[in-house]
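Just so you know, the protein sequences line up as chains S and A, in that order. Quick note, the first sequence lines up with residues 1 to 262 if you use this note's numbering. Quick note, the second sequence lines up with residues 263 to 601 if you use this note's numbering.
What the hints contain is simulated information worked out from the structure, not anything from laboratory work. Please read all numbers here as calculations on a predicted model, not as lab measurements. Yeah, the Cβ is synthetic: ideal placement off N, Cα and C, and Gly gets one too. Honestly, I wouldn't trust all of these hints.
[Said to hold, decoys possible] Straight-line Cα separation of at most 16 Å, EDC-like style, residue types lysine to aspartate or glutamate; simulated pairs: (1) LYS580/A <-> GLU559/A; (2) LYS106/S <-> GLU335/A; (3) LYS106/S <-> GLU480/A; (4) LYS369/A <-> GLU598/A; (5) LYS427/A <-> GLU441/A; (6) LYS339/A <-> GLU370/A; (7) LYS369/A <-> GLU385/A; (8) LYS369/A <-> ASP415/A; (9) LYS369/A <-> GLU396/A; (10) LYS106/S <-> GLU598/A; (11) LYS25/S <-> GLU396/A; (12) LYS580/A <-> ASP534/A.
[Said to hold, decoys possible] Derived, one-sided and incomplete: chain A residues facing chain S with beta-carbon distance under 7 Å: (13) ARG293; (14) GLU480; (15) SER574; (16) ALA576; (17) ALA584; (18) LYS585; (19) ASN586; (20) ASP588.
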Amino acid sequence: MTDTPLVIAGKTFTSRFLLGTGKFKNKKDLSDSIAACGSEIVTVALRRIDLERHEENIIEYIPAHVTLLTNTSGARNAQEAVRIARLAKASGCGNWVKIEVINDSKYLLPDNQETVKATEILAAEGFVVLPYISPDLYTARALVKAGAATVMPLGSFIGSNQGLKTKEFIQVLINEIDLPIVVDAGIGAPSQAAEAMEMGADAVLVNTAVATAQNPAVIARAFALAVESGRLAYLSGLPLQQLMAKASSPLTGFLYDDIPAN
Amino acid sequence: MMTFQQIKNILSDTRPESVEQLAQEAAQLTRRQFGRAISLYGPLYLSNFCSSHCTYCGFHSQNKIQRIKLEPEQYRKEMQFIHAQGIRNILMLTGESYKHTPVSYLKEAAAIASEYFQGIALEVHPMETGEYKELFAAGVDGIAVYQETYDRDRYAQVHLSGYKKDYDFRHATPRRAAEAGMRQISLGILLGLSDPAQDVFALYQHLTELERSFPGVEYSVSFPRLRTVKAETLAICDVDDVQFVKIIALTRLLFPRVGINLSTREEPNLRDHLLEIGITRMSAGSNTSVGGYTLLEEKEQDPQFDIKDERSVAQIVKLLKAKNFDPVFTDWRHIENSL
């Protein structure tokens, strides 16, 4: 079965698995994981990029063919996200930016309204904007209007490994929004990544579940395979699930009571 | 939030298996929230002039020590030294003296620090919201202000004079800093001043109130244990290592995303083990004397407290890597601050 590639802002990707770079215990685990999963988009927080120290500069561990997606981690409002994105561009990190506006250090839930504002400003400045949101239809529509390149709804609380707690809401975005839907945050197991893809998500982004695993490269590969598998299942059309056995018709059986048995 | 009785019960259960259980749960949560990243920062003492008399502190106003306030060209030299070691987050400290280290002095220090550091925090005398706003605009992102003890009677006994005597003004300081836009606020208690269970409980309450009012701030907590100053005991800390480990672990369980700081007050062996349990930030290569990095010979120095971990930044980095931790030097990129 042939698939159309993932296209974001006119750029074509074969891999539908995006990797985050936080929480790894060392840079080697990170580069091994990137190699093992074949991810073509990797997100890095600008706040963690140490441009002065080569050994510690995370960017030096990301291969050249991989698209660097700088994120605005640490921004508490639209204005700060915009400043961080501009600074990233000025520091040579390119113009692909994942907008992350979080003004709650307890739940780390994104502020959708501020995210829309930042997206408007940055998209108008020529950035390729991938906004991270709590799945909400109106926000997603506003992001389309604002010029976002994708919509990235969260599956569950970031770092929680709880999977697709917001499944029904993500499904609405998949159905209604004409931009790639990238499920981001909360995906803790390859089976959950496959589930998101089976639903029709265009891609999945994982960080914690890979970075904090015993063997990150191995699980990174498992995630990539799960994403591929889920995608294939989606393309082939999943067989409809039978709700219950068809033994009798307790509600509608009466309709046929008069028909004489012969 | 747990009740005081629950916290007291947990802290008083010192059976090794309970301690281990608590530590295991805390370690797991820490890894999930923070991975194996440990942020490093360096302290820089700018001045030891102090108008407060706190019985446990080496800088207190009645103590006959050499009083020094660094001038810009002097602290620049100290900053260059700290920067050269790789540190990018700086915590600048002073004694509590409006007169000697006013906002104008701190603003200038912040401006010069921003030439060398990405993250700038202050641990100085409590100020008003307007002053914090000025400092925020000057590039300061974080404020550390410890209540020391939440036991009002004990507070009055150990804070004899000066601004620090005012319990309520100090207690409301994190709130004023948050109103001014500060990104990071650090709270703390000085273990050894009063009943640890009481103080831990009150600290948790303080933190919970702040989280409700200012959810966007990144909070961290510190649990310094009282130390000797030049080998002289000003007060005694009766919180042993078991209690200390339990306090760190319990804090992690109740506040999964809160940063937990550890200073060079603690001995290397304990520090190394605590990393696994819940610590997310530590100081490295520290000197706690004004001018201690480059300006004064060791025998001329008057430290605020005696350091137990004398390892250099390079040694700490090596150790962290050997233990499979990722030492993080930059966890903030300085942007123009405005509200």
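Going down the list of hints, with the structure as the test:
Between LYS580/A and GLU559/A, the direct Cα distance comes to roughly 27 Å. Violation of the 16 Å bound is thereby established for this hinted pair. This hinted pair does not check out: LYS106/S and GLU335/A have alpha carbons roughly 41 Å apart, beyond 16 Å. For the proposed pair LYS106/S and GLU480/A, the alpha carbon gap of about 9 Å is at most 16 Å, so the pair holds. A hinted pair counts as satisfied when its Cα atoms are at most 16 Å apart, and LYS369/A with GLU598/A qualifies at roughly 14 Å.
Straight-line distance between C-alpha atoms of LYS427/A and GLU441/A comes to about 23 Å, which puts the hinted pair past the 16 Å bound. Of the pairs offered as hints, the one joining LYS339/A and GLU370/A holds, with about 15 Å between alpha carbons and a cut-off of 16 Å not exceeded. Note on LYS369/A and GLU385/A: the hinted pairing holds, with a Cα-Cα distance of about 13 Å set against a maximum of 16 Å. Distance hint between LYS369/A and ASP415/A is unfulfilled; the C-alpha atoms sit about 35 Å from each other, more than 16 Å.
Under the criterion of a C-alpha separation no larger than 16 Å, the hint pairing LYS369/A with GLU396/A is consistent with the structure, at around 8 Å. Pair hint LYS106/S plus GLU598/A does not hold up; C-alpha atoms about 25 Å apart against a cutoff of 16 Å. Our distance criterion of 16 Å between C-alpha atoms is broken by LYS25/S and GLU396/A, whose separation comes to about 38 Å. Using a Cα cut-off of 16 Å, the hinted pair LYS580/A and ASP534/A holds, with the two alpha carbons roughly 12 Å apart.
Given hint, ARG293/A at the interface with chain S, holds; its Cβ is 5 Å from that chain's nearest Cβ, closer than 7 Å. Taken as an interface hint, GLU480/A checks out: its beta carbon lies about 5 Å from the nearest beta carbon of chain S, inside 7 Å. Annotation: SER574/A was flagged as interfacial toward chain S, and the flag is violated, the nearest CB pair being 16 Å apart, outside 7 Å. Residue-level restraint check for ALA576/A is violated (minimum Cβ-Cβ distance to chain S is 12 Å; threshold 7 Å).
For ALA584/A, the interface hint is violated, the least distance from its beta-carbon to any beta-carbon of chain S being 11 Å, above 7 Å. This hint is violated: LYS585/A has a C-beta 9 Å from the nearest C-beta of chain S, more than the 7 Å allowed. The interface hint given for ASN586/A holds, since its Cβ lies 5 Å from the closest Cβ of chain S, which is under the 7 Å cut-off. Interface restraint check: ASP588/A against chain S, minimum CB-CB distance 5 Å, threshold 7 Å, status holds.
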